[in-house]
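**Q** So the chains spell out like this:
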Amino acid sequence: MPIFEILTPMSVLLCFFGVFMGIIMGAIPGMTATMAIAIFLPLTYALDMIDSIGLLIGLYVGGISGGLVPAILLNIPGTPSSLCTTFDGYPMTQKGEAEKALKVGITASIIGGFFSLTVLYFFAPMLSSVAINFSAVEKFLIIVFALTVIASISKGSLLGGIFSGLLGMFISLIGTFTDNNQMRLVPPGFEDELVYGFALLPVLIGLFAIGQLLQEAEEGMKAAPHQRIDLQKGKDKNNKFSFKIFKNQKVNVIRSSLLGTFIGVLPGVGGSAASITAYSQTKNFSKNPEKLGTGEPEGVIASEASNNGLIGGALVPLLSLGIPGDSTTAILIGAFLLQGIQVGPLFITSNPDLWNGIVFALIIANIVMFILMFFSIKYFAKIVFIPKYVIFPIIVVACVVGSYAINNGVMFDVWTLLLFGLLGYIFPKIGVQIPSFLIGFILGAEAEKYFIDSLKGSGGDLSIFFTNGPIAIVLWVLILGSVIYAIMDSRKAKKADVY
Amino acid sequence: MKKLLMFLAVFLMAGILAACGSDSEEASGDTNDGEEEASVDLNRIRVLIGSTSTGGDTYQIADATSRHTEEALGTNMKVDAVGALRAFDELRKADDDGSTIMFFHDMAYLGVEYGTFGEEDALENWTIGPVVATNPGNAFLTKGDAPYNTMAESAEWLAENPDETITVAIESGGVSEVVFNGYYLWVEEEYGTEVSDRIRAYVTGSQQDKNQALWDGNADIIHGSIGANNEYTQNGVEDNIKMKFLGITADERVEGFDIPTFAEQGITVNGNEFVFNKEFFFLMPENVDQNFATSLDNAIAEVAENPDYAEDLKTNTYVVNHMPAAEAEEYLLEKRENFRYIIENAPNLDEIAQ
Numbered sequence: 001m002p003i004f005e006i007l008t009p010m011s012v013l014l015c016f017f018g019v020f021m022g023i024i025m026g027a028i029p030g031m032t033a034t035m036a037i038a039i040f041l042p043l044t045y046a047l048d049m050i051d052s053i054g055l056l057i058g059l060y061v062g063g064i065s066g067g068l069v070p071a072i073l074l075n076i077p078g079t080p081s082s083l084c085t086t087f088d089g090y091p092m093t094q095k096g097e098a099e100k101a102l103k104v105g106i107t108a109s110i111i112g113g114f115f116s117l118t119v120l121y122f123f124a125p126m127l128s129s130v131a132i133n134f135s136a137v138e139k140f141l142i143i144v145f146a147l148t149v150i151a152s153i154s155k156g157s158l159l160g161g162i163f164s165g166l167l168g169m170f171i172s173l174i175g176t177f178t179d180n181n182q183m184r185l186v187p188p189g190f191e192d193e194l195v196y197g198f199a200l201l202p203v204l205i206g207l208f209a210i211g212q213l214l215q216e217a218e219e220g221m222k223a224a225p226h227q228r229i230d231l232q233k234g235k236d237k238n239n240k241f242s243f244k245i246f247k248n249q250k251v252n253v254i255r256s257s258l259l260g261t262f263i264g265v266l267p268g269v270g271g272s273a274a275s276i277t278a279y280s281q282t283k284n285f286s287k288n289p290e291k292l293g294t295g296e297p298e299g300v301i302a303s304e305a306s307n308n309g310l311i312g313g314a315l316v317p318l319l320s321l322g323i324p325g326d327s328t329t330a331i332l333i334g335a336f337l338l339q340g341i342q343v344g345p346l347f348i349t350s351n352p353d354l355w356n357g358i359v360f361a362l363i364i365a366n367i368v369m370f371i372l373m374f375f376s377i378k379y380f381a382k383i384v385f386i387p388k389y390v391i392f393p394i395i396v397v398a399c400v401v402g403s404y405a406i407n408n409g410v411m412f413d414v415w416t417l418l419l420f421g422l423l424g425y426i427f428p429k430i431g432v433q434i435p436s437f438l439i440g441f442i443l444g445a446e447a448e449k450y451f452i453d454s455l456k457g458s459g460g461d462l463s464i465f466f467t468n469g470p471i472a473i474v475l476w477v478l479i480l481g482s483v484i485y486a487i488m489d490s491r492k493a494k495k496a497d498v499y
Numbered sequence: 001m002k003k004l005l006m007f008l009a010v011f012l013m014a015g016i017l018a019a020c021g022s023d024s025e026e027a028s029g030d031t032n033d034g035e036e037e038a039s040v041d042l043n044r045i046r047v048l049i050g051s052t053s054t055g056g057d058t059y060q061i062a063d064a065t066s067r068h069t070e071e072a073l074g075t076n077m078k079v080d081a082v083g084a085l086r087a088f089d090e091l092r093k094a095d096d097d098g099s100t101i102m103f104f105h106d107m108a109y110l111g112v113e114y115g116t117f118g119e120e121d122a123l124e125n126w127t128i129g130p131v132v133a134t135n136p137g138n139a140f141l142t143k144g145d146a147p148y149n150t151m152a153e154s155a156e157w158l159a160e161n162p163d164e165t166i167t168v169a170i171e172s173g174g175v176s177e178v179v180f181n182g183y184y185l186w187v188e189e190e191y192g193t194e195v196s197d198r199i200r201a202y203v204t205g206s207q208q209d210k211n212q213a214l215w216d217g218n219a220d221i222i223h224g225s226i227g228a229n230n231e232y233t234q235n236g237v238e239d240n241i242k243m244k245f246l247g248i249t250a251d252e253r254v255e256g257f258d259i260p261t262f263a264e265q266g267i268t269v270n271g272n273e274f275v276f277n278k279e280f281f282f283l284m285p286e287n288v289d290q291n292f293a294t295s296l297d298n299a300i301a302e303v304a305e306n307p308d309y310a311e312d313l314k315t316n317t318y319v320v321n322h323m324p325a326a327e328a329e330e331y332l333l334e335k336r337e338n339f340r341y342i343i344e345n346a347p348n349l350d351e352i353a354q
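Chains as they are written, first to last, in my numbering: chain A, 1 to 499; chain B, 1 to 354.
Derived by calculation from the structure, the hints in this document are not laboratory data. All of these numbers come straight from a predicted model, not from anything done at the bench. Errors might be hidden in some of the hints.
Said to hold, decoys possible - To give an idea of the interface, some chain B residues facing chain A are shown, with a C-beta separation under 10 angstroms as derived from the structure:
1. Ala-219
2. Tyr-331
3. Leu-349
Where is the CB? At the ideal position from N, CA and C, for every residue including glycine.
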């Protein structure tokens, strides 16, 4: 079916606008794709459904993709799903390969986006049937599988990494336990502020941005080595981007896109788990696992292919079951319902034009995202040349504004940002590993929810995690394999250090 | 010296932020003297809703109502999906000029009765605004191949099969708990504790979680609604996700749907037909500007007459149900009183939860 029989020129224009705004919002620490869609949702009331879809899909794709810019250039994940992009993206920037890292990320993003789009188009109804078979038990095991990344990224101390991850999980449980609406782990006097616990984004940005800023302030705001490299002239061939980088990364890019798409398909399992799992598996299968985390394009590819892969994945349960795959699609469901369109098992057959419109909007949004970001990225990359005494105050303001805006203006979120900023400064000094802590914090609440749901379903019988069927067994094999590999890798790294 | 400067800068920033925080609470729109005709000169009204979802009935009805009311009031209204606890908290701190108001449903007082919200959130502590709409599709559902077709039949089936149990997925402290309690008490009255003791509750959160509980086999019956669940009951839906309605709690059937009401099924509590209409209304700060309250009341009366508003609600099977503020206050306090019997006699969720 020709694209322009479905999409109007207005919807294409709106899609373009959506991607542009999404990239900007994704690139500002604290602003997310979810927030971008929520802000523009009222605008869609006046639009036709197809035009609305163009705008919303554009914002979704742009918002997820924009997160890689601050992750690579400033070591601040723009969105939670770009957390793993910082592991190798920022070290590449420190080596003077900022532009290359950005282009690797953008290319991986479009591959992941198109991969998931293909899956969405051809397999949506079939995948939704598979997703339904993933009960709380399997979802819990998927989260545990994602958590094994803590073991593989623990630098220097495996036990330290696991402790950091558990600490993150513990902090994520602060607030109200929804099953009985009782508050737990809340210090006296903070009941009003911590009724919902700490919000994710202020914690994320505080630990990365403010923590790093304080650390650099302590060192005296000297120019980093990468700030002295002239990227424009590109004399050093290693600093230049080439599509040849992807030649040896075919398996990585497909595996990461597939993992991103598949975890996106599982209703309720957050998108962050997708990039975390993909990164973990890339490290486990890598020929040079010890290099991951030191500035390897392989890591950026894993993270970015998977987080864009989850877009198509998350739309599968939304469109074929009527249930959102992540927080962003939860906002999208509202947009559909406000226009009187029921998303559910009959959506695709009952609304063929709308279904095709969504697919076409995704194609256009991914292409626009690639063109906009790939060809203007050198301007973004210039951020790294701005002196720290100029860029840091701007980052602080962006972080504070972003945190304040996350929940429509809650001052406590700004205090959270500053508190975790301080912790981000202290943690490395006392041996708490920030990436492990954050992964625990991001996945802790989900792990608890599915753990408790599993026990409720089994009447409290813990054996349910081993007896729920073949999918659970396969997941246990993967978890054990991943953990054993991580332990062996850690021992190897220690031995290498000794010699 | 550098370190000293850095710490001074941090303290200065913290001071500025603290000041921003206190200002934001005191910021207000233009107030009205209250002597003029019923109108508001606020630039913007923030409508807090007791849900964090933008896909649920609260958001949809609040959105349609706000879009029509802002025209009648000559201002802008913005729906803010912040969730019940935060909405109450912010309403308590809000200015009395009407720039921040709340829109919610029966959970506003049921939550207090169940202890989910504190006594400080009781209806007496707010100015109750007009009732505007009803979601008549408040329902229970089960799997497409379940051996019963109504809630009444489910109890009969339970009585005939003494080794069986029925687990119902609900959310604690709200509408789904009170309607579950109504069903539970009826089974207890009609069939005795031998049967009602085999009804279990599966306490969970969102509609998505309840659906998943049904599909996973963790619940046999779920609380839902026509708007949210109708898609799963249609012909052509795969067997593993197919659902069927077991009854709605409203006083009348919903046009276009062959779903019996609880009353039709003979479900009674304490000798009275069990009817629960899920109604949506405004709450305002206790000492809200009387001129604003009157203006809102008048505007809602105008909106309720607007066929476009009715059409907007009908899109998702909601209906206009207007009751001016003065009547609404009396009505809601009485409704709360009527449901106290159920809440006081309800089983303890901790004991019957799976």
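**Q** Under the criterion of a CB-CB separation shorter than 10 angstroms, is B/Tyr-331 in contact with chain A as hinted?
**A** Constraint on B/Tyr-331 not satisfied, violated at 27 angstroms.
**Q** Holds or violated: is the Cβ of B/Ala-219 closer than 10 angstroms to a Cβ in chain A?
**A** Hint on B/Ala-219: holds, closest Cβ of chain A at ~9 angstroms, below 10 angstroms.
**Q** Taking the least C-beta to C-beta distance, is B/Leu-349 closer than 10 angstroms to chain A?
**A** Holds, about 8 angstroms.
Going down the numbered hints, you'll see the structure goes against just number 2.
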